[in-house]
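**Student:** Residue numbers (the numbering used here), protein chains in the order written: chain A, 12 to 107; chain B, -6 to 391.
Treat the hints with care, since some could be wrong.
Unchecked claim - Computed footprint of chain A on chain B; a stretch qualifies when at least three of its residues, placed anywhere within it, have a C-beta under 8 Å from a C-beta of chain A: (1) 12 to 19; (2) 22 to 29; (3) 294 to 301.
As the list claims (entries may be wrong) - Just a few of them, taken from the derived set where beta-carbon distance is under 10 Å, the chain A residues facing chain B: (4) Gly77; (5) Arg78; (6) Leu101.
To be verified - Stretches of chain A that chain B covers, calculated by requiring three or more beta carbons in the stretch to come under 8 Å of a beta carbon on chain B: (7) 37 to 50; (8) 53 to 65.
Hints listed in this document are in silico derivations from the structure and should not be mistaken for laboratory results. Just so we're clear, the structure is a prediction, and the values are computed from it rather than from any experiment. From the three backbone atoms N, C-alpha and C, an ideal C-beta is built for every residue, glycine too.
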Amino acid sequence: MANSPRNLVIKASERLNLPADVTAGVSRVELTGSSRLSVENHRGVGAFGPEFMELLTAQGPIAVRGRGLSLLLMNQRELVVVGQIDSVTLPQGQDG
Amino acid sequence: MKLLEFLRGTARVTITGAYPQSCLNRMAAGQIPFWDVVQRDPLCLEATVYRSTLPRCGQAARRSMCQLEVQSLRGARAVFYGLKRRPVLLAGLVLAVAAALISQQYVWTLEVQGNEMVPAEQILRTLSELGVGVGTRRSGIDPQRLENRMLDRMPALGWFTINANSMRAVVLVKERIVKPELVNPHQPTNVVASQAGLIERMEVYDGQAVAEPGQMVLPGQLLVSGLTTSFRATLLHHAMAEVYARTWRTAEVLCAKTCREKTYTGRTGTTWRLVLGNKFMKICENGGISPDECDKIMTTYALTLPGGIRLPIALEKTVCRAYETAEQPRDEAQLQQQLAQDYLAALRREMEAGQVRALSHTLKDAGAYWRWSATCEATEQIGTLVPILIDTKDGEHG
């Protein structure tokens, strides 16, 4: 996994100061306050519920916990989760 | 965006299955737009999609082993489909739109602004005589032509225009400022007595006083002269003075001993009329009371919009109280008091300045009439300006 072609592309992008979401298809996660989460370059929804959502990305699943969660918008490129977001768990153990 | 949604039409759908989010993933991958996704229960999701994408949504649901059900349809197509099943409602809607479009071409309310002395009713009446009123077609109003005619008919107005850009026409006016009567301070004048009296005090501002307090003067008698002599020269002045004198006036009035007075019979009737612009429609007649022998109390209930704009639709209620007239003798004391009050009011209007000191009056029998005689004592300003006419041949004349 550490030496996979994707990781190499990501590392090369970082070295060259290029945006990884464009060059390597890395997900772009944007949290606005605690009520709106936008994820670009997603791969779909793994689990869907008002208190827990799992959003699939190339890097792994993003876990969103909260209350009254709903999917405001979803298309091939982007999805937007709204509701009271308590925590966002990123892949590779990075907490939001 | 909402308008686009309305025009395209939307559908609220439920996706039921063991793993409904797979259907969402498939729809997203298939570039089917959807939004407002909420979970009903772990096996059922609810989402909004465009109506035109419903067949593709159904395919995505089937491929995801889910079931797609349409809960409700919204948008223009749904509304018009609903109206198609209700022809009366559709006809009403069409009529309402047509009425709104047609009514915009006409003036429905008229408002007068800028008038202070000239009543708005008078302006509106004159406008009505010129063919402009409630129900007039807006395109038929020519402000320039109307201005000329209005100013010609109403000399009290100095400027007039009408703004009929909407169903509410605004009439803007400016009243003519009357030029005040100017006193020429260089015109040689004398001050003479306007009526007979005993001078009490004089305040001479210019000229030579030829009368003095305590002197009795007759109407037209010179009080202050505009001619003064100084070192063999005669000077002309614009004499000015206030001369207060005690005056006495008498008056006599003949009044008939009887008069016709009305007595209410107790019969009343109510008439209701619907007022549409300048047209009236009688809804309910009164109870057969002759309109010549009744008092009418009219109340108008106008339809007014929340902004205060009065619409040309009103309900008019007229209550008629029938009465009969009969010859009744006049009450002496009441007649005497009324005549005294009227005489005092007339005196106060007649006097330039001053006050009434005493009024004595009597009422005497004169056959079929009452003879009312009054004597009034007052202190009033009797000085009045008279120009000095100068004859260039012989010198001057006062």
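**Student:** Run every hint past the structure and note whether it holds.
**Tutor:** Okay, the hints, checked on the actual structure:
1. A stretch counts as covered by a chain when three or more of its residues have a beta carbon under 8 Å from one of that chain; for the stretch 12 to 19 of chain B and chain A the count is 5, and the coverage holds.
2. Three residues within the 8 Å Cβ limit are the bar, and the stretch 22 to 29 of chain B against chain A gives 6, so the coverage statement holds.
3. Interface restraint, the stretch 294 to 301 of chain B with chain A: violated (0 residues with C-beta to C-beta distance below 8 Å; minimum three).
4. Here the hint on Gly77/A is broken, as its CB sits about 13 Å from the closest CB of chain B, past 10 Å.
5. The beta carbon of Arg78/A comes no nearer than 13 Å to any beta carbon in chain B, farther than 10 Å, and the hint placing it at the interface is violated.
6. At its closest, the beta carbon of Leu101/A sits 20 Å from a beta carbon of chain B; the interface hint therefore is violated under the 10 Å criterion.
7. Here's how the stretch 37 to 50 of chain A fares: 0 of its residues keep a CB closer than 8 Å to some CB of chain B, so the rule of at least three is not met and the hint is violated.
8. Counting residues of the stretch 53 to 65 of chain A whose CB lies closer than 8 Å to any CB of chain B gives 8, which reaches the minimum of 3, so the coverage claim holds.
Checked against the numbered hints above, the structure breaks hints 3, 4, 5, 6 and 7 and satisfies the rest.
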